[in-house]
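Given the coordinates of chain A, assemble chains B, C and D onto it according to the supplied hints.
For the protein sequence lines, the chains are A, B, C and D, in the order given.
Position in the first sequence (first residue = 1) + 708 = my numbering.
Position in the second sequence (first residue = 1) + 708 = my numbering.
Position in the third sequence (first residue = 1) + 708 = my numbering.
Position in the fourth sequence (first residue = 1) + 708 = my numbering.
Calculated from the structure, these hints are not laboratory results.
One or more hints might be untrue.
What the hints assert, rightly or not - Below 25 Å or equal to it, Euclidean Cα-Cα: the simulated DSS-like pairs (lysine-lysine) are:
hint : chain 1 : residue 1 : chain 2 : residue 2
1    : D       : LYS843    : D       : LYS915
2    : B       : LYS867    : B       : LYS877
3    : A       : LYS893    : B       : LYS734
4    : C       : LYS867    : C       : LYS881
5    : A       : LYS893    : B       : LYS713
6    : A       : LYS711    : B       : LYS755
7    : D       : LYS893    : C       : LYS893
8    : A       : LYS843    : D       : LYS948
9    : A       : LYS801    : B       : LYS893
10   : B       : LYS765    : B       : LYS949
11   : A       : LYS924    : C       : LYS924
12   : B       : LYS893    : A       : LYS728
13   : D       : LYS924    : D       : LYS843
14   : A       : LYS843    : A       : LYS924
15   : C       : LYS960    : B       : LYS867
16   : B       : LYS924    : D       : LYS924
17   : A       : LYS881    : A       : LYS734
18   : A       : LYS960    : D       : LYS843
19   : A       : LYS893    : B       : LYS711
20   : D       : LYS948    : D       : LYS924
21   : C       : LYS915    : B       : LYS960
22   : D       : LYS734    : C       : LYS893
23   : C       : LYS877    : C       : LYS960
What the hints assert, rightly or not - Incomplete in silico selection of chain B near chain C, CB under 8 Å:
hint : residue
24   : GLY783
25   : GLY784
26   : ASP838
27   : ILE883
28   : ASN884
29   : TYR937
Stated by the list, open to error - Some chain B residues flagged as far from chain D (calculated, every beta-carbon gap over 10 Å):
hint : residue
30   : ALA733
31   : LYS755
32   : ILE905
33   : LEU918
34   : ASN941
35   : ILE962
36   : MET966
In this text, a Cβ means the ideal position worked out from N, Cα and C, and glycines have one as well.
4 protein chains.
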Amino acid sequence: MFKEKEGFKYAMPAHFGGGKFDPDAKIIQNAMGLSISYETDRDLLEKFIPEGFELLKPQVDVTFNKFTQINWMYGGQYNLINVSAPVRFHGNKDELDGDYTLVVWENRTAPILGGREETGIPKIFADIEDLHILKPHYATTVSYEGNTFLNMNFESTEKVEGEDLERLKSQFKTINTLGWRYIPKVGAPGADLNQFILYPQGLELEKAQLGKGDLKWTELTPMQNPAQYHIINSLASLPKKKITQTALIEGKAILRAMAARIIE
Amino acid sequence: MFKEKEGFKYAMPAHFGGGKFDPDAKIIQNAMGLSISYETDRDLLEKFIPEGFELLKPQVDVTFNKFTQINWMYGGQYNLINVSAPVRFHGNKDELDGDYTLVVWENRTAPILGGREETGIPKIFADIEDLHILKPHYATTVSYEGNTFLNMNFESTEKVEGEDLERLKSQFKTINTLGWRYIPKVGAPGADLNQFILYPQGLELEKAQLGKGDLKWTELTPMQNPAQYHIINSLASLPKKKITQTALIEGKAILRAMAARIIE
Amino acid sequence: MFKEKEGFKYAMPAHFGGGKFDPDAKIIQNAMGLSISYETDRDLLEKFIPEGFELLKPQVDVTFNKFTQINWMYGGQYNLINVSAPVRFHGNKDELDGDYTLVVWENRTAPILGGREETGIPKIFADIEDLHILKPHYATTVSYEGNTFLNMNFESTEKVEGEDLERLKSQFKTINTLGWRYIPKVGAPGADLNQFILYPQGLELEKAQLGKGDLKWTELTPMQNPAQYHIINSLASLPKKKITQTALIEGKAILRAMAARIIE
Amino acid sequence: MFKEKEGFKYAMPAHFGGGKFDPDAKIIQNAMGLSISYETDRDLLEKFIPEGFELLKPQVDVTFNKFTQINWMYGGQYNLINVSAPVRFHGNKDELDGDYTLVVWENRTAPILGGREETGIPKIFADIEDLHILKPHYATTVSYEGNTFLNMNFESTEKVEGEDLERLKSQFKTINTLGWRYIPKVGAPGADLNQFILYPQGLELEKAQLGKGDLKWTELTPMQNPAQYHIINSLASLPKKKITQTALIEGKAILRAMAARIIE
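Okay, chain A solo, but in the shape it has when bound:
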């Protein structure tokens, strides 16, 4: 019969075996990303931030990333859309600033499962187009079963160099990604696991371009996207008062996969 091994790490289905837990395991991957941040209404945004967090700025950060040459996927790749807001966590033990993850869409299921179950990042599925690149224009489209709900566009105007690049490099070096792991009870309301998690991430930025960017949320109906329409429509309801930053970046991510911890 199958027996769990001491000091091993498993994911469902566990009975086909896991791997020895390695505290220094590294995720290595190339990244090409497009970030667009905008100012929104504080009250409306706060409705989606749990108690215990303080919203530092009424700002939504939307980032497309294409990850390639991913070591733990044996050279595979996937795209994501990360939506977050800048917060401060006021816990009993922990006090720290980071990016509270509102939602992440990814176009592969494997990283979705790991992200949710191991680090509480609320990842869900969408089709995410690779960047269409007709220099200086860049565009991507995010959709669910054929229904577009996010378009991102960018026109590069300026290569970042010298000190500006160094400043950006240090900005990307460490990002405090914050998630909320919520695993429901079986056959009952409420949660069996209900924890905030800090997952320090980071990127060795190599190249960056600034420019004019914009994005557009499109509301969907339940028939168009049964499990996500309320998320999309919530985000679409946040006014886009002002685009505050847009950047196209390239670099290499080297993460300590096991560096996440519960914050309290």
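Leaving out everything else, chains B, C and D in the frame of chain A:
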């Protein structure tokens, strides 16, 4: 700020809201399935059955299902491949027979997330072709990023009618699906949740055909399927001694979505 | 060396062999379709109808079909969106009424190639969702690389029966599909083949429902759909003055695959 | 009514308009490719080469390419698998060496249609994975509706530099791609267009690596791939006597889109 509501049911991301917990919530969907069971080697199969379960027969049950008109997906659909073995659970409190779920592949992520997090069904992603139907021949193919790992074929020879149909109907009426919910610790080996779960399912069978069926597992390399190759190759390593049953079935599933419970 | 055989039918690549031409070859497939017709502006629609045809009514017919159990695809399936207008052809030899095919989107390439090269049906690719069915609601979405350009919705209100069904059956029995085969010159403007083609089709209607239907065209940019945006935007520019008919139909298509002929 | 314009270039559906024919129109795209050539049996390969061509070497050239930043697709991208053999064309007017295109698989329909109708390149559809890259390992998989039929693997051992790179650059500068445009008669055996076409292509090679490569063809049944199984099985029947060259290349393609011509 977002506050969890008493008596509500949530899934990640929880902060966009959940729904009132309804103990009588029903999953309603049409099903068209193809089941192929085969005898295998007891010792090899037992390696994948956790302690606490007794293998009733050295048998692997592989079932393709296409679910359509799914109520909780607002009319959407998906395909799955369920792989299980007949077991008896010997717990401290519970003693029952059921199908231990070795793995389930599905071609939509939403039911994968719910199945894993709410009921411990070890669902993972694959591309699963709709049945190709050139009567009396039926075939489907299961693949990951273009790499075929399972082919199922069926040739219908006989429509099930009369008493035989009634017997089959009662066989499908209640199925004790057994899962193992395993949610890992954050940044450490071992589990935060480690529970066996009973999820009673069932099908109102309407039509059935018997015939000659066969299936073929194809081993994959880590570069072809990084997160699943060990699962596929484990299943491929089980000898297919004898096909013991094949059936093509149609019916309607009406499940109590909240009927799952932890068994001990 | 490869030699073409007398009396054979080939498609590119021809050198791997063709099949004996069979004038009685039949296409057999199941069909489930949703048709929505609407009145539009005559002058605007006539811009897309070539000289030689007379527009009988300022009407656009948009039909979704899911074909399954297709014999020539060995049991495979595909979805299509057919857009046509009712016309009369005034040729030197031929005078006939039919449906002039403005464009057909299909979600498989094989029938696109045959349709274009053999019968001049202007087929192009799109992702076309299977019908989402939450009775009495039916919906589909048509998109290109994640960009939605057509939504169709239907609410069934009435099953067609008796004489009404018979009338509908005879209406679907023969449809004069009209295409324009246009194969360009190599390295020069203009055409090497420039022919109007009649392809008589038909459906053995089995069931039909009437109801309330609607559709919505969404304009796309060249970056969203480089080869088709002008087609989509042309169709989107036609005012939808009044929905004139909507129907959900099921039946079986039995076509003489070789019955197409050039009309002059 | 729609009227064709003098000096314009059209594709089906023509009635939504074409573009002014531009003899100097350029296709510009980035390319990353993996080429594997192998020696095979002369007699068996010659069965697939039409009369009029002389097989220069019993060699099959299989090339994966990922094209990105494609100007005519407004920044879109696609993957292809090109299969060809080195030949000499002995015509009445033309005498030239080139690569006879046995078949091309592409994962987008738009370039398939143009390639077939405008230049006689026998393009058909398949799912073609982006390269999975776990340096120094590279792999891709080609499949149809989930059925794998080609795997390509490469292990880079050596960067090409200096004179070797220059030699390779000039080898890629001009490639005489040869196609056979075959458009069938309507409702009759034989062809309405039956022409050999020369389409000079080329690549500005920038980087190259040599290494150990291999590929594997997997036979398919008609139910797995109804329109292509005879092509795949024909290629699979050619013995792979010896891998003669493998290379991983990166560069930029700048083609004169209208430079193709009929050869006689």
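A quick look at each hint next to the structure:
no.	hint	result
1	D:LYS843 - D:LYS915	16 Å, holds
2	B:LYS867 - B:LYS877	14 Å, holds
3	A:LYS893 - B:LYS734	18 Å, holds
4	C:LYS867 - C:LYS881	19 Å, holds
5	A:LYS893 - B:LYS713	14 Å, holds
6	A:LYS711 - B:LYS755	9 Å, holds
7	D:LYS893 - C:LYS893	17 Å, holds
8	A:LYS843 - D:LYS948	42 Å, violated
9	A:LYS801 - B:LYS893	19 Å, holds
10	B:LYS765 - B:LYS949	13 Å, holds
11	A:LYS924 - C:LYS924	19 Å, holds
12	B:LYS893 - A:LYS728	14 Å, holds
13	D:LYS924 - D:LYS843	21 Å, holds
14	A:LYS843 - A:LYS924	21 Å, holds
15	C:LYS960 - B:LYS867	22 Å, holds
16	B:LYS924 - D:LYS924	19 Å, holds
17	A:LYS881 - A:LYS734	15 Å, holds
18	A:LYS960 - D:LYS843	14 Å, holds
19	A:LYS893 - B:LYS711	18 Å, holds
20	D:LYS948 - D:LYS924	9 Å, holds
21	C:LYS915 - B:LYS960	21 Å, holds
22	D:LYS734 - C:LYS893	18 Å, holds
23	C:LYS877 - C:LYS960	11 Å, holds
24	GLY783	3 Å, holds
25	GLY784	5 Å, holds
26	ASP838	6 Å, holds
27	ILE883	25 Å, violated
28	ASN884	29 Å, violated
29	TYR937	28 Å, violated
30	ALA733	33 Å, holds
31	LYS755	28 Å, holds
32	ILE905	31 Å, holds
33	LEU918	20 Å, holds
34	ASN941	16 Å, holds
35	ILE962	30 Å, holds
36	MET966	34 Å, holds
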